[in-house]
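J.: Listed here are the chains, written in short residue letters.
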Amino acid sequence: MKNCVVALSLLLASFTASADCTGKLSVGVQQQTITATFPTSDAPAVKHGDPVSLTIGDTVLKTTVADVTELPAPVSQTLITFDPPAGAKFENGVLKVDADIGSNAAKLAFSEGGEDKSADLCLVGQFNSTAHSLTVGAASASDNSSSQAGAAASDAGATQDTATRIQYKASSRRFREAQNAKPDDILSARLAMTEFAVSIDTTNKKGEKFVDDNSFRAGYYTPRRSGFIFNRVRFGVAAQHSRAFHVGDHNSDATLALDGWLPFFRAFNFGTPQKRLALPLSFRLSAGNRWQDVSGVNSHGPVAEWAFLYHVYLLSDYRLDLEHRTVFNDVKERPATTPRTQHTWKASLFMFLGDDSRFNAVASYENGHSGPVFTQLRQYFLGVGVKNLFGSIK
Amino acid sequence: MAVLGDKMHTTATLLSFANPPAGTDPAPIALGCIESGLDKIGIPGPHQPSDLIDFGAIDEDSCVDFAQAVEICIGENGFFVPSLAGSFVLLHEKGTAITVANLASAIAVLMKPKA
Numbered sequence: 001m002k003n004c005v006v007a008l009s010l011l012l013a014s015f016t017a018s019a020d021c022t023g024k025l026s027v028g029v030q031q032q033t034i035t036a037t038f039p040t041s042d043a044p045a046v047k048h049g050d051p052v053s054l055t056i057g058d059t060v061l062k063t064t065v066a067d068v069t070e071l072p073a074p075v076s077q078t079l080i081t082f083d084p085p086a087g088a089k090f091e092n093g094v095l096k097v098d099a100d101i102g103s104n105a106a107k108l109a110f111s112e113g114g115e116d117k118s119a120d121l122c123l124v125g126q127f128n129s130t131a132h133s134l135t136v137g138a139a140s141a142s143d144n145s146s147s148q149a150g151a152a153a154s155d156a157g158a159t160q161d162t163a164t165r166i167q168y169k170a171s172s173r174r175f176r177e178a179q180n181a182k183p184d185d186i187l188s189a190r191l192a193m194t195e196f197a198v199s200i201d202t203t204n205k206k207g208e209k210f211v212d213d214n215s216f217r218a219g220y221y222t223p224r225r226s227g228f229i230f231n232r233v234r235f236g237v238a239a240q241h242s243r244a245f246h247v248g249d250h251n252s253d254a255t256l257a258l259d260g261w262l263p264f265f266r267a268f269n270f271g272t273p274q275k276r277l278a279l280p281l282s283f284r285l286s287a288g289n290r291w292q293d294v295s296g297v298n299s300h301g302p303v304a305e306w307a308f309l310y311h312v313y314l315l316s317d318y319r320l321d322l323e324h325r326t327v328f329n330d331v332k333e334r335p336a337t338t339p340r341t342q343h344t345w346k347a348s349l350f351m352f353l354g355d356d357s358r359f360n361a362v363a364s365y366e367n368g369h370s371g372p373v374f375t376q377l378r379q380y381f382l383g384v385g386v387k388n389l390f391g392s393i394k
Numbered sequence: 001m002a003v004l005g006d007k008m009h010t011t012a013t014l015l016s017f018a019n020p021p022a023g024t025d026p027a028p029i030a031l032g033c034i035e036s037g038l039d040k041i042g043i044p045g046p047h048q049p050s051d052l053i054d055f056g057a058i059d060e061d062s063c064v065d066f067a068q069a070v071e072i073c074i075g076e077n078g079f080f081v082p083s084l085a086g087s088f089v090l091l092h093e094k095g096t097a098i099t100v101a102n103l104a105s106a107i108a109v110l111m112k113p114k115a
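Chains as they are written, first to last, in the working numbering: chain P, 1 to 394; chain B, 1 to 115.
By construction, these hints were calculated from the structure, which means they are not laboratory data.
These figures come from a predicted structure and were not determined experimentally.
The beta-carbon is built from N, C-alpha and C at its ideal position, and this holds for glycine as well.
Mixed in with the good hints, there may be bad ones.
Stated by the list, open to error - Stretch-level coverage of chain P by chain B, calculated; a stretch enters the list once three of its residues show a Cβ under 8 Å from a Cβ in chain B:
# : stretch
1 : 23-36
2 : 251-257
3 : 285-293
Claimed, not checked - Under the rule of at most 25 Å between Cα atoms (straight-line distance), these lysine to aspartate or glutamate pairs were calculated in the DMTMM-like manner:
# : chain 1 : residue 1 : chain 2 : residue 2
4 : B       : 112       : P       : 185
5 : P       : 275       : P       : 321
6 : B       : 114       : P       : 253
Using the sequences and the hints, build the whole thing.
T.: Here is the structure:
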């Protein structure tokens, strides 16, 4: 039973997400109208004609409020649309920004009663982004090999070593118009996507005390296509090379990926007084090859993964999410604790306490291998999900 | 055969909303466009106005696709609507389950005839 983990805790992920980001910033698919959406309780007090600025990374867009519309319960949201900003650049209908899309954050600055205020926003939908950053600084590491005698001895005996640390990150994500795409279709169905990322994090000192983590990644994903028995299927290829400059260890992966939905397998309703609509069975497949050189030992082999997710509604208040994931790893020199095939099953039960409820009960069960750390994991989870406990207050 | 019937119903619904005369009530157009948006993301109809859309079980990318499909449909029916993607993603993050009819009423509030 030592592999069994029982946890009882509060899920605060939703709270954390809402605290980081009050509203959403998105762009209309037809007229490229920029819209900010807030829960009405958190909406900034702006009105038609107010001058505002939108900051997305290094991109600052000066504009004015075109319209403010408050939607009543149960939606309870306020939508603020803006006049087209003078400096906004669009590529294939997608707003171009100089920002790290991974940070996913924007800011709306406005004036209320002569006082400057701001509201946080998260980016939603398609944005073309570029970003790079360079940081040079000092890094220190201590050798605690003689620290076993206690904290005081550890502090006294630690040997400090310093190095110059260089961190450089660059990334680019571009949506590109696909051939034979319908001009009036949703963007994910008519735009292919390319991604490039370079990350260097190293020092001028050799040895394992300092970070030496460098990688290059490139990927291409086709537009999503529906047809036959599939819904919004996309295909992707990705390559990643990771290398430690000082040691020479490196890892290279090349993978193909396919994901989408199967509408024939609709979400199942059992005994529900009102039919609930959700996405059908979703799937994700990927396969490729890995080449690795660790401490002079060369090895390679195929890696593959497949995963499925299906929703079942029970009675009036329950949703059961069923997930399965299998990882196949046939690299020849893999660690002894890493099995060739790893399976994970997960069942999560959500209990709805009403549209205005702030809590969901969640129970999940995972049984299977989970990566190289645990050779076998059996985990039960019981918890309470917190939905939108607090809004962000400005 | 059931699937074929569903598609025929959806097509008929969309056709009935095409090219509305000026002054048309936006609510039924919103209802028809929600129907086509659900079909676009793999939830084919027909649906009842009382059916609950569980945004908690629709991932963020699908919420964006759903929103854009509704926007395009509304635009094709002679109305303007602001970007709905942020609204749908907020509903997803809150785990909101909302009836098709209530969602259509909310979207109708945002719709304005194209100039």
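J.: Hints first: check each against the structure and report whether it holds.
T.: We went through each hint and held it up to the structure:
1. Figure legend: the stretch 23-36 of chain P, annotated as covered by chain B; annotation consistent (13 residues with Cβ-Cβ distances under 8 Å, at least 3 required).
2. Only residues whose beta carbon comes within less than 8 Å of a beta carbon in chain B count, and the stretch 251-257 of chain P has 0; fewer than three means the coverage is violated.
3. With 0 residues bearing a CB less than 8 Å from a CB of chain B, the stretch 285-293 of chain P misses the requirement of three and the coverage assertion fails.
4. About 21 Å separates the Cα atoms of residue 112/B and residue 185/P, which keeps this hinted pair within 25 Å; it holds.
5. Our distance criterion of 25 Å between C-alpha atoms is met by residue 275/P and residue 321/P, whose separation comes to about 17 Å.
6. Restraint check: the Cα-Cα separation between residue 114/B and residue 253/P comes to about 51 Å, which exceeds 25 Å; the hinted pair is violated.
In summary, the numbered hints that this structure violates are 2, 3 and 6.
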